[in-house]
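Same order as they appear, the protein sequences are chains A and B. Counting with the working numbering, you get residues 1278 to 1516 for the letters of the first sequence. Counting with the working numbering, you get residues 28 to 541 for the letters of the second sequence.
Derived from the structure by calculation, the hints contain no laboratory data. For clarity, every value in this text was computed on a predicted model and none was experimentally measured. Any given hint might turn out to be false.
Claimed, not checked - One side only, chain B facing chain A, incomplete, derived with CB under 8 Å:
1) Val261
2) Ala294
3) Ile362
4) Ile450
5) Val453
6) Gly457
As the list claims (entries may be wrong) - Pairwise CB distance ranges (calculated):
7) B:Met121 / A:Asp1342: 50 to 58 Å
8) B:His92 / A:Asn1481: 54 to 62 Å
9) A:Gly1422 / B:Glu496: 46 to 54 Å
10) B:Ser534 / A:Gly1422: 37 to 45 Å
11) B:Val488 / A:Pro1453: 52 to 60 Å
12) B:Asp107 / A:Ile1355: 38 to 46 Å
13) B:Arg79 / A:Leu1431: 36 to 44 Å
14) A:Arg1495 / B:Gly302: 28 to 36 Å
C-beta: ideal position from N, C-alpha, C; glycine also.
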Amino acid sequence: MNQAVPDNQEFDDDIDLAALPDDELVEQMHDDLYDGLKEEIVEGTEILLERGWPADKVLQTALVDGMTIVGIDFRDGILFVPEVLLAANAMKGGMAVLRPLLAETGAKPIGKMVIGTVKGDIHDIGKNLVSMMMEGAGFEVINIGINNPVENFLEAIEEHKPDILGMSALLTTTMPYMKVVIDTLVEKGIRNELIVLVGGAPLNEEFGEAIGADAYCRDAAVAVETATALIAEKRMAEG
Amino acid sequence: MARRSGGRRARKAQRSAPLADAVKPVHPGESGGQFKPFSESDVAAVTENIFRILEEVGFADATPHCIETCTAAGAEFGGDGRLRMPRAMVEKAMQQAPRNLVLHGQDPRHDLQLSGSKVHFATAGAAVMIADPEDGSYRESTAQDLYDMARIVDTCEHIHMFQRTCVARDIVDNYALDVNTAYSAVAGTAKHVGSAWVHFSHVQKTLEMLHIVAGGEAQWRARPFVSQSNCFVVPPLKFAVDALECLRVAVEGGMPVLLLSAGQAGATTPACLAGAVSQAWAECLGGLVYVNAIEPGAPAILGAWPFVSDLRTGAMSGGSPEQGLLSAACAQMGIFFDLPFGTACGMTDSKLPDFQAGAERASTVLAAALSGANIIYEAAGMYASLLGVCPESLLLDNDVLGAAMRVTRGIEVTPETLSFDEINQVCTGGEGHYLGSNRTLQVMQSEYIYPEFSDRTSPTVWEENGKPEPLREAIRKKRSILDSYFPGHISDAVDESIRSQFPIVLSRDAMGRG
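Excised from the complex, chain A in its bound form:
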């Protein structure tokens, strides 16, 4: 069991998830997500599906709502980064079960993101934090690492067909390269198919706007909020 659960007699570590009614099971899954218990999340996801829950309902009610709680407590300084990473990993376990079902039913996935640090820049802690938080929110994230020339971004976009492109830079000398990537997307006629998010310590909203990004995100939590909102708009527009 996870060490985050206190060794206290009030807690029963051997819960039979299958014996819980739906509402209690969902509540337990929220707790299990919070504690980063991947196997339990997979089990809970499967039980709900067996009970006839549609995949998108399991995703929203059991997983996304649970991760929202994780996000709030991370924002408020209660949860530490490694704990959020554990929760996101548990979430990914549930997503792995749900993804093929969601695809079958034609339900729109939460969203897919390609993310990377631009050419010349070798800093990637911030970007990795964003990846982790995005995955925690149910996004599928393809992290292409550091020092990416425009070709790498194009290749990843071609291969993965993401909804979102995320770019980061820590150095002022590499920031302008984000514009090179965006200009290339425009040239190739694919700019409008993508939501482009940018981040990095020296950036700001004006810079994001000036280079033609859809939004500048000052931290990982804002990236998730922004991505969620822009994806909802995009889905709405697509009908």
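Place chain B on chain A using the hints.
For chain B alone, coordinates are given in the frame of chain A:
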């Protein structure tokens, strides 16, 4: 009427002039080493761990030149693309590396002798903003800011070298940025300068510029007064390709290099501090192997700079107590290896000069100083976890660094300083106090350091004086320095020559040469 020399005029002149070297309470290069975070057996275990990391884990992303030269020197390039370094070759590079490294100033009075546990303080950083304490704002940093901070540091006794503090964001072209960064610093101070370059070709061009400043390539090579701060590694254990090329050009051009491993504990180095120290040192030694494969005995400073992650957010923390510990532990290993060593300490996470800033800077920088780090970079001016730099703070921090150096110097024990005869005389036959004794008169300046900005008056006097605040006084002094202090170590002719060949942004007017 004939007058004896001396009197009021002479004493006033004496007090307003810098202290004579012999009387100064602290000097550059006081010996640290009193603070040892590791026991002897810890040092042995960390050493084993460092060699094991190099031998078993090795580096990813080596350049062809790096692979070629290092394998020729004994490294193994694995099928997994990692360059592994057996202990024997690492030890050989450690033996080849020069000890007693001198970092030259343009003015020889500012030469720094890096050896043993001698301690020096330096600025450093790539802040992208200037923290302005006058209106509490942050704004983008410029080339003028760099020149201004170099001038301020030129006046600060306890900041012994000037490494680039901020990025000149008013310069968009990277070649112009690199050349101007170096020139703004070199023109602003005659102390040793550290800088960084985006591309190797810019290093080559900058070397040409430095030859002009030095009066020729031979003069430059005899006294290289600029070193290259080089992040050759992307922790954990990946080489940074562009930086390796800059490193090669610097080594070939006779420019000392700071082999910088700037990981972040918990994110890009292990969260356990012992692991963070081990990885940072392994990375630095890997860089040293490459430098010595290019040119045996090339001057290098080992820069194990593990930073700290605040694991609640993932953000970097420069002012945490763990930063002081990490820097001190890395310095202890540097003394053990007997290699010129630099670390980064004295940063704050605060946004402006305030209680948090002073407390974080003083406590962390003291740990690093007492450990005997040869150069403590980022020791002055750095704010907001390195995102900002505050020019006024350089002046305030000069006091903090003087104090840290005083503690580092320690207490000399001799029959004279034990003062038995003086105690006996004062108590049994004298005035009953030491205020007027000859010994007190003798040591009143050499034993005690007096801060420039800290206020030590009584509440009554403080109130009468208009409640002076150190920060307000520092703002006033900064203005006065920037209005009137224009170092002239670079002649007009040299300046003209450089301007004719390089895209210098700083105007002659800004250099007080309108």
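Mind listing which of the numbered hints don't hold for this structure, in increasing order? Numbers 3, 4, 5, 6 and 8, in rising order.
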